[in-house]
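Input sequences plus hints: build the corresponding full structure.
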Amino acid sequence: MEIAAPSTPRHISPLMIWLGPVLTALLSACSMTLLATDVEAGVMQPAPAGELLTLAETQPLHRPGTAAPRWPVGTNWMLLPSALIGPPPLLCQQARQSLLLTPPPGLFQGAWQMERPEAAAARAAALGLQGRTVATLRLNCANASFDFHRNAAGQLLTAFDGQVLVLRADATAGDPQTTVRQLLLQHLAGPEVFGPPSIAALRRWLAPSLQQAFERWLASPERPDQVPALNGDPFTNTQEPPRALSLGPLTERGDSAEQLVFAELEGGRRHRLVYRLQRDAQSRRWLLDDIGYDHGPTLRQLLREDSR
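In numbering that gives the first Met the number 0, the protein residues as written are 0 to 307.
If you are wondering where the hints come from, they were derived from the structure by calculation, not from laboratory data. Glycine included, C-beta positions come from ideal geometry on N, C-alpha and C. Treat the hints with caution; some may be incorrect.
What the hints assert, rightly or not - If you anchor each label on the Cβ, the simulated ranges turn out as follows: (1) G247 / D160: 28 to 36 Å; (2) V226 / P87: 51 to 59 Å; (3) R69 / Y292: 41 to 49 Å; (4) P88 / D254: 15 to 23 Å; (5) G253 / P223: 22 to 30 Å.
Next up, the structure:
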């Protein structure tokens, strides 16, 4: 975590310097109160759509006893498309979100980069971060930069003041970007080669009709004499894992939404994907319905072509 150091204007009195953190804490508490959903109608606005992050536990980043936990278990933050709201100073303004794969020495913004790769991998494994690389959400903010690493249980881990915060991620209703972000984090953490296990791992984020389209595609016989229409990873539109996936603008129209995703490739190249989502009428969850690419057919059209 990197935080820009604020400057103190000379005209501010010592009293105001002392009151600053107090007022910030009070404002943060008020903002978190406004996130509550169990309120009487007309008394308070509904909670903003986003992903609720709840502190499940705290572990030392380097060795036991290096620092006392700053926040108690159960502390909440809310991850929105353009901000991270919660107790300061773990706040993010004007957030730009990207997803990437991080090797163990680079975890927690390089906290273990001076150690041997095997030692860094062992430290990561002790925190439940397995594999040669770890799926990472990076928030680049006006005031800071934060990395959140996803473990096998779907929790997000970030470092602050020498502590590793283990955050339980729960999606609230009404946020299409959370669906895309969770799907892509799961996908980056899955098999490197796209296939049936990849689809099975993503079922909970797919619309039922898109699941059925994938099932028909998987059941279709292979044609050795033809190049398949779907040739590569449809969720990144690449043959190999991209360097990063950046989440662009989100557009909502009633029960439909489009999330722009930019795949960052080697050599500075990038291409665009349009994740198209629909809100399920019963669960009210946002589910992936189709993906549009820079050129040519959409995901559904590719699946249909190969299933003929």
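Status of the hints after comparison with the structure:
1. A hinted range of 28 to 36 Å holds for the C-beta pair G247 and D160, which are about 32 Å apart.
2. Evaluation of the 51 to 59 Å hint for V226 and P87 yields a pass: the beta carbon distance comes to about 54 Å.
3. Distance hint for R69 and Y292: a CB-CB separation of about 44 Å, consistent with the stated range 41 to 49 Å.
4. Take P88 and D254: their Cβ atoms lie about 37 Å apart, and the range 15 to 23 Å is violated.
5. Hint check: G253 to P223, Cβ distance near 45 Å, so the stated range 22 to 30 Å is violated.
Figure legend: structure checked against the earlier numbered hints; hints not met, in rising order: 4 and 5.
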